[in-house]
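For the protein sequence lines, the chains are Z and X, in the order given. When we follow the working numbering, the leftmost residue of the first sequence carries the number 3, and every step to the right adds one. When we follow the working numbering, the leftmost residue of the second sequence carries the number 2, and every step to the right adds one.
Be aware that a few hints might be false.
[Said to hold, decoys possible] Simulated restraints on C-beta separations:
{"#": "1", "chain 1": "X", "residue 1": "P129", "chain 2": "Z", "residue 2": "L259", "range": "52 to 62 Å"}
{"#": "2", "chain 1": "X", "residue 1": "T127", "chain 2": "Z", "residue 2": "P25", "range": "44 to 54 Å"}
{"#": "3", "chain 1": "Z", "residue 1": "A367", "chain 2": "X", "residue 2": "L126", "range": "49 to 59 Å"}
{"#": "4", "chain 1": "Z", "residue 1": "A307", "chain 2": "X", "residue 2": "F141", "range": "24 to 34 Å"}
{"#": "5", "chain 1": "Z", "residue 1": "A367", "chain 2": "X", "residue 2": "F141", "range": "33 to 43 Å"}
{"#": "6", "chain 1": "Z", "residue 1": "E368", "chain 2": "X", "residue 2": "A51", "range": "28 to 38 Å"}
Treat the hints as calculated values from the structure; they're not laboratory data. Where a beta carbon is used, it is the ideal one built from N, C-alpha and C, also for glycine.
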Amino acid sequence: MRRSAWLVLLGVLAAACAVPLDPPPSGPPDGDEPPRRGGVLHEASGEDPRYLDPAKGYDTVSWGLEQMLFNTLVDYDAGTNIVPELAESWTLSPDGRHVSFTLRHDVVFSTGRPMTAADVKYSLERLLRPAIHSQGAEFFHGIEGAKDYIAGKTKEVRGIRAPALDRIEFDLTAVDPLFLHKLTMPFAAVVDREAAERFGDEDFTRHPVGSGAFVLEEWVYGQRLRLARNPRYFRAARPYLDAVEVTIGVSPQLAWLKYQRGEIDLAGIPSAEFQRVLADPRYRPLILSRTTLRTQYLGLDCEVAPFDRVPVRQAMNLAIDKRRLLELIDGQGVLATGILPPDMPGAAPVPGYPHDPPAARQRLAEAGLAAGFATTLWASRDEGSMRLAQSMQEDLRQIGVRLALKPVDFPALIEAVRHPGIVPLFLLGWEADFPDPSNFLTVLLHSRSRDTNNNTFYSNPEVDRILDEADPLLDPARRFALFHEAEVKIMQDAPWVPLFHPAGSAVRHPRVRDYELHPLRPSRVEGVWLAW
Amino acid sequence: MPEAAPTGLGSRRRSRRLFAAGLVLVGALGLVALAAPWLTAYDPDAIVVATYRGPLAPGGGHPLGTDTLGRDVWARLAYGARTSLFVGGLAMAVSLAIGMTVGLVAGYFGGAIDAALMWLVDLVLTMPSLLLLIVLATIFPPSILTIPLVIGAIGWTTFARTVRGEVLSLRERDYVQAARALGASDGRIILRHLLPGVTPGAVVLAALGMSGAIVVDAGLSYLGLGVPLPTPSWGRMVSDAQTYIAVAPWLVVVPGVAIALAVIGFNLTGYGLIDLIGERRT
Numbered sequence: 003m004r005r006s007a008w009l010v011l012l013g014v015l016a017a018a019c020a021v022p023l024d025p026p027p028s029g030p031p032d033g034d035e036p037p038r039r040g041g042v043l044h045e046a047s048g049e050d051p052r053y054l055d056p057a058k059g060y061d062t063v064s065w066g067l068e069q070m071l072f073n074t075l076v077d078y079d080a081g082t083n084i085v086p087e088l089a090e091s092w093t094l095s096p097d098g099r100h101v102s103f104t105l106r107h108d109v110v111f112s113t114g115r116p117m118t119a120a121d122v123k124y125s126l127e128r129l130l131r132p133a134i135h136s137q138g139a140e141f142f143h144g145i146e147g148a149k150d151y152i153a154g155k156t157k158e159v160r161g162i163r164a165p166a167l168d169r170i171e172f173d174l175t176a177v178d179p180l181f182l183h184k185l186t187m188p189f190a191a192v193v194d195r196e197a198a199e200r201f202g203d204e205d206f207t208r209h210p211v212g213s214g215a216f217v218l219e220e221w222v223y224g225q226r227l228r229l230a231r232n233p234r235y236f237r238a239a240r241p242y243l244d245a246v247e248v249t250i251g252v253s254p255q256l257a258w259l260k261y262q263r264g265e266i267d268l269a270g271i272p273s274a275e276f277q278r279v280l281a282d283p284r285y286r287p288l289i290l291s292r293t294t295l296r297t298q299y300l301g302l303d304c305e306v307a308p309f310d311r312v313p314v315r316q317a318m319n320l321a322i323d324k325r326r327l328l329e330l331i332d333g334q335g336v337l338a339t340g341i342l343p344p345d346m347p348g349a350a351p352v353p354g355y356p357h358d359p360p361a362a363r364q365r366l367a368e369a370g371l372a373a374g375f376a377t378t379l380w381a382s383r384d385e386g387s388m389r390l391a392q393s394m395q396e397d398l399r400q401i402g403v404r405l406a407l408k409p410v411d412f413p414a415l416i417e418a419v420r421h422p423g424i425v426p427l428f429l430l431g432w433e434a435d436f437p438d439p440s441n442f443l444t445v446l447l448h449s450r451s452r453d454t455n456n457n458t459f460y461s462n463p464e465v466d467r468i469l470d471e472a473d474p475l476l477d478p479a480r481r482f483a484l485f486h487e488a489e490v491k492i493m494q495d496a497p498w499v500p501l502f503h504p505a506g507s508a509v510r511h512p513r514v515r516d517y518e519l520h521p522l523r524p525s526r527v528e529g530v531w532l533a534w
Numbered sequence: 002m003p004e005a006a007p008t009g010l011g012s013r014r015r016s017r018r019l020f021a022a023g024l025v026l027v028g029a030l031g032l033v034a035l036a037a038p039w040l041t042a043y044d045p046d047a048i049v050v051a052t053y054r055g056p057l058a059p060g061g062g063h064p065l066g067t068d069t070l071g072r073d074v075w076a077r078l079a080y081g082a083r084t085s086l087f088v089g090g091l092a093m094a095v096s097l098a099i100g101m102t103v104g105l106v107a108g109y110f111g112g113a114i115d116a117a118l119m120w121l122v123d124l125v126l127t128m129p130s131l132l133l134l135i136v137l138a139t140i141f142p143p144s145i146l147t148i149p150l151v152i153g154a155i156g157w158t159t160f161a162r163t164v165r166g167e168v169l170s171l172r173e174r175d176y177v178q179a180a181r182a183l184g185a186s187d188g189r190i191i192l193r194h195l196l197p198g199v200t201p202g203a204v205v206l207a208a209l210g211m212s213g214a215i216v217v218d219a220g221l222s223y224l225g226l227g228v229p230l231p232t233p234s235w236g237r238m239v240s241d242a243q244t245y246i247a248v249a250p251w252l253v254v255v256p257g258v259a260i261a262l263a264v265i266g267f268n269l270t271g272y273g274l275i276d277l278i279g280e281r282r283t
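For reference, chain X alone in the conformation it holds in the complex (with noise of 0.2 Å):
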C-alpha cells in the first residue's frame, strides 16, 4: 500500500491552536520523565501497601490507586514515561539515522546504488514488522537497549524513501549544481547542501515515528516483549492488568489514556510542524 504523504492540520489559526496543544501535550509528558522523582513520593517498583488485599482505588495516599502487587500507580505512571521517552526517542534516533543516511546516499548516486538500497527498503517493508519484531524480540534479550534498537532498525524505511524523494529533487537546484560546478566533494555536497535541506522534513517524521514508536513498544510489552519487568512501561501496565478490567478498571485506563495522549502528542507536533515549514517556504 502506497504511503499517503503527511499533510498538515488544515486552516491557520486551528492548525496553529493544535500545534500548540501538540507542544503542552509533548512538554508535559517530557516534564513528568524528568521530574517523575519529585513528582511522587513512592519508589515505583516498592510494594506500598502494608498488606496487600487487591488493587486499591484512587484516593488518598494514591492519587492513582495501586496495582496487582501493591504499588502506586501514579509512580509507575511517572516512570513510564521515561521508559517510554526513551525507548521512542532512542528508536527515532536510530531509524533516523539509517534512514537519512540510506535516502541521502540512494537519491544523491542514483542508479545501481539508488537501485539496490531501494530493494532492500523495499525487502524490509514486505516482511510484516509486527513478526519480525517479536522474533528479534525473541533473539535479543530484552533490554531498556535492545527493544528501542529494535524497533528503530525496523522503523528506518520510511525515513530512507522520503528522504531520497527530497533529495532527488534537490540535487538538481541550482545551489547544488553550483556546489558541484565549484569542484565540492560528494561528501560535502550531501553533508553541507542536502542534508539541511532534508532536515526538516525528517524533523517531522521524527515527531510522527514517535508516536508509532510509544504505540510498538506498548504493544511489545503487552505481548510480553517489552522492557524487562519490574521497569515500569504503559503497555505492560495494561497487560498485567487487563484480567482486572472489572474489578479495578483505573489499571488499565490510565496507562491507556496515557498513551493515547502521547501519541496525540506527537502527532499534533508532527502535523503542525508540517504547516509551519509549509508556512515558511510559501
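This is chain Z alone, in the form it adopts within the complex (with noise of 0.2 Å):
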C-alpha cells in the first residue's frame, strides 16, 4: 500500500498544477432592449476560405462568408423550412416540372445596379460552365437543356428562362422535389453578371460582387478578411453590425483564449474544456447548442469478408457502445439507432441494434467466426476520432474482433474509401446537404451511388427499387413512408453502425445578441446585433 501512496503523492502533485477554468468576458446580463445598431463582430478563423466565388466554395468558412455577400432565390428559415428570399413567390407547375419565380423589386447589388432574371439565369448558367469547375453543377444537371449546354450544343440553357426582369422559370426535364432545397445552395447565389465578366472566373474569387448584406473590404490573405455593411442592402435596416472582421490563422485551442480575453467575439468550445465549461454559471447562457443534421457512423464495407456476411455486420452493431462514444463526445448529441438525423423531416424510429456483446457473439458464432477475426479500421488522425476508434476497439476485443487502427488525413481517407475492396471499416460522419431522406439513403446507400458516397458498396436491389420509387414523388407522405421502410431494411442489413447525430455548439461573447447556429448551414449574421 504504501507504493499507491507514493504513485497517489505524485499524482496529487501534478493535479496541481490544473490552471482553474478562466471566466468569459463579462457585461450586463441580456435584456430586452431592442437590437442596437453599430459595432464590429470578431471572429475567428484557422484558414482562409478557400473561395468566395459561391459557385465554387462549399467549405464551412467559405460558405459562410458566401451567405454574407451573396443571396439566393430562396433559403431556409431557422429550422428547414424553405422561405423566400430574393424572389418574393413562386409557383410549381401540377406536373412539377415547371417552377416560375417572381422576383423582389428593391434588390440591387452592391455596385448599385439592380438585379434582373438575366443575372439570375446568368449565375445558374456560369455555375454550369465546365471552365468553372463547379463540385455544384451536378445539382442542377436536371434543368432541360442543362447537358447540351455543358457539352457545349448551345450557347444558353433552354431550361432557365428570363421572359420579364422580374420572372424567372425553370423547365425540369424529370419532378425534382429537391429543387428548391438546391436552390438554397451557395452555388445558386446570384452574382452581378457586370463584375462577374469584368473580373472573370479566376479573380472573382477575390473580388466578389453580390446583393448580400456585407461587401468585402479587405482580404489580407493568411491574416484577415473584413467585410462591411451594404448600405443598399435590400432589407431595410439590416445589417444590424458595422463589419465582421475575421482573423485568419487561429487554432482552435488559441481561439479559445481569444474568446476568453475578450478578443473575439464567438468561438468554439475545446473537447478539453467542455465538461468545466458546462458546470459553470457564469458561461451556461453564453453557449449556444443546436441539434444539426448530422450522423457519425461506423462504415462496413459490404463486399470485403466477413463484412460481406449480414450476421457478422449486425454483430459489429450489438458490438459498439454508443452511450460510452456520446459520453467521449461529452453528450453533445443523441446517440444513433438509424440512419437519418432525428431532426430530418420524413424521419421515424428505427428498432437499430442495442449494445449486447453476448448476443453480438452469437452472431459472429453462426457466421462459423466464433474465434473472431481480425481487421482494419481507417479513421482520421485527429485526437476525436483516435478516442473514438480506441474506444471501438475496446468494444470489439470483447467480442474477440482484433481491430488495427489506421490513422490518416482526412482527405486521404475520404479519397480511399472510394475504391472498392481497400478500407474494411472506417468512421466517417455525414452531414445532410438538403434536409430530405434522400440526401442520406439515395446519396449513401443505393447500388448507384458505389462511385461517388455509397463507400460501403452495399447493395440491395430491393432497397434500391423502394428509394427509385420515393425520389421522384412530391407528396411528402408517401415519400417519408417509401424512405422508412427502405431504411428499415438497411438496417436490417446493416452496412453501416450509425453511432450518434453530433450537435453543434459554441459560445458567445455576451454582447453578442440574437446569434443562432442552424442545423444545415453556417450561422447568418445579418441579425446579429451587439449590445455594447
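Take each chain as given, in its own frame, and dock them per the hints.
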C-alpha cells in the first residue's frame, strides 16, 4: 500500500498544477432592449476561405462568408422550412416540372446596379460552365437543356428563362422534389453579371460582388478579412453590424483563449474544457447548442470478407457501446439507432440494435467466426476520432474482433473509401446537404452511388427499388413512408453502425445577441447585433 | 558539429553515488516493466470508468487518475515502461550491431574500406535524423518492431566512429601485433582481440544511447508515428493529453516525468560506467 501512496502523492502533485477555468468575458446580462445598430463583430478562423466565389466555395469557412456577400432565390428559416429571399413568391406547375419565381423589385447589387432575372439566369449558367469546375454543377443537371449547354452544343440553357425583369422560370427534365432545396445552396447564389464578367472566373473570388448584407472590404491572405455593411442592402435596417472582422490562422485552442480575453466574439469550446464549461454557471447563458442533420457512423465494406455476411455486420452493431461514444463527445449529441438524424423531416424511429455483446458473439458464431477475426479501421488521425476509434477497438476486443487502427489524414480517408476492397471499416460522418431523407439514403446507400458516396458498396435491389420509387415523389407522406421502409431494410442488412448525431455548439461574448446556430448551414449574421 | 567525447561524472565519491542512483532508476524502470501485471489491477487498454465525464483526478482506486478515454493512467504508465524499454533496447541492439561491425571492419582494415565506410557514416550523419525518421516511419507501417528497427538503423553512426577510433589504437598494440605474427586470421583478431577491447566503450555508448532512443520513440509517438494504438507509450500519452494540460495536468506531467527519469537513469548509468572503466584502466 505504501507504493500506492507514493503514486497518489505524485498524482496529486501533478493534479495541483491544474489551472482553474478562466471566466468568460463579462458584461450586463441579456435584457429585452431593442436591437442596437453598429459595432464590429470579431471572429476567428483556422484558415482562409478557399473561395469567395459562391460557384466554387462549399467548405464551411467559404460558405459562411459567401452567404454574407450573396443571396439565393429562396432560403431556410431558422429550421428547415423554405422561405423567400430574392424571390418574392413562386409557383409549381401541376406536373411538378416547371417552377416560376417572381423576384423582389428592390434588390440592387453592392455596385448599385439593380438585380434582374437576367442575373439569375447568368449565375446558374455560369455555375454549369465546365470552365468553372464547380462541384455544385451536378445539382442542376436536371434543368432542361443543361447537359447540351455543358457539352457546348447550345449558348444558353433552354430550361432557364427570363421572360420579364422580375420573372425567372425553370423547366426540369423530371420531377425534382429537391429543386427548391438546391436553390438555397451557395452554388445558386446570384452574382453581379457585370462584375463577374469584368473580373473573370479566376479573379471573381478576390472581388466578389453580390446583393448580400455585407461587402468585402479587405482580404489579406492568411491574416485577416473584413466585411463592411452594404448600405444598399434590400432588407430595411439590416444588417445591424457595421462590419465583421475575421482573424485568420487562429487554431481552435488559440481562439478559445482569445474568446476568454474578449478579443473575439464567438468560439468553439475545446473538447478538453467542455465538462468544466458546461458545469460553470458563468458560461451557461453564453453557450449556443443546436442539433444538426449529421450522422457519425462506422461504415463496413459489404464486399470485403467477413463483412460480406449480414450476421457479421449485425454483430458489429450489437458490439459497439454507443452510449460511451456519446460520453466521449461530452454528451453533445444523441445516440443513433438508424441512419437519418432525428430532426430530418420524414425521420421515424428505427428499432436499431441494442448494446449486447453476448448476442454479438452469437451472431459471429452463426457466421462461423466464433473465434473472432482481425480487421482494420481507417479513421481520421485527429484526437477526437482516435478516441472514438480506441473505444470501439475495446468494444470489439470483447467479442474477439482484433481491430487495428489506421490513422490517416482526412483527405486521404475520403479518397481511400471510394475504392472497393481497400478499407474494410471506416469512421466517417455525413452532414445533410438538404433536409430530405434521400440525401442520406439514396446518396449514401443506393447501389447506383457506389462510385460516389456509397463507400460501403452496399447493394440491395429491393432497397434500390424502394428508393427509386420514393425519389421523384412530391407528396411528403408517401415519400417519407417509402424512405422509412428503405431505412428499416437497410438497418436489417446493417452496412453501417450508426453511432450518434452530433450537436453543434459554440460560446458567444455576452454582448452578442440573436446569434443562432443553424441545423444545415453556417450561422447568418445579418440579424446579429451587439449590445455594447 | 564534432561530437564531444563522453566524460564522466567528476569526483570519485560523487560519481559513485550518481552511478548508484542511475542504476536504481534503471532497475526500477526494469522492475516496473517486468512486474507491470502485478503492480496494477487494470488492463492498460480497458476503459475502467462506468461513465466518462472527463479524466478522473488521482486518488481513490486510480493512483494516477484516468485518461481522456477513462483508462487507468498508472496501468498505462507501467505497461508503457515495457514499450519504452523494448523500443529503446531493440533500437540500441540494432545500432550496436551495425555500428560495431562497421567500426571494427573500418578500423581494422583501414585504407579504401575505411574511407568508404566513413563516407557512409558521414552520409547518414548529414541527413536530418528526425526528418529521415519521419519518412521511414511513414514508409514502414508503424509496429512495435519497425519503430525500433528504424530508430536503430539511423542511430548507429556514433558507435561506428567511436569503435573505429578505438580499433585504430588497439590494432597497433603489442598483443594484436603478436597475434598477427602468430598467423591469426583477420576474423579471429577482430573477434578475439579487438572486440573485447571495444566492448566496454560500446556498452557505455549503448547506455547513453538508450536514453536517446527513448526520447526519439517518445518524439515519434508524440507525432503520431510511434507504436500503434492502443499500445501504451509515454510519448503518445503526452501528445494525446496535451490539450488537457490546464484541466488534467497529471495526464501530461506523469508520463513526462517518467520519460525524464528514464533518460536521467540511463545517462547516469552511462557516465558512471565511464568513470568505472577509467578507474580500472588507471
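Right, here's what the structure says about each hint:
no.	hint	result
1	X/P129 <-> Z/L259: 52 to 62 Å	violated (32 Å)
2	X/T127 <-> Z/P25: 44 to 54 Å	holds (53 Å)
3	Z/A367 <-> X/L126: 49 to 59 Å	holds (57 Å)
4	Z/A307 <-> X/F141: 24 to 34 Å	holds (26 Å)
5	Z/A367 <-> X/F141: 33 to 43 Å	holds (36 Å)
6	Z/E368 <-> X/A51: 28 to 38 Å	holds (31 Å)
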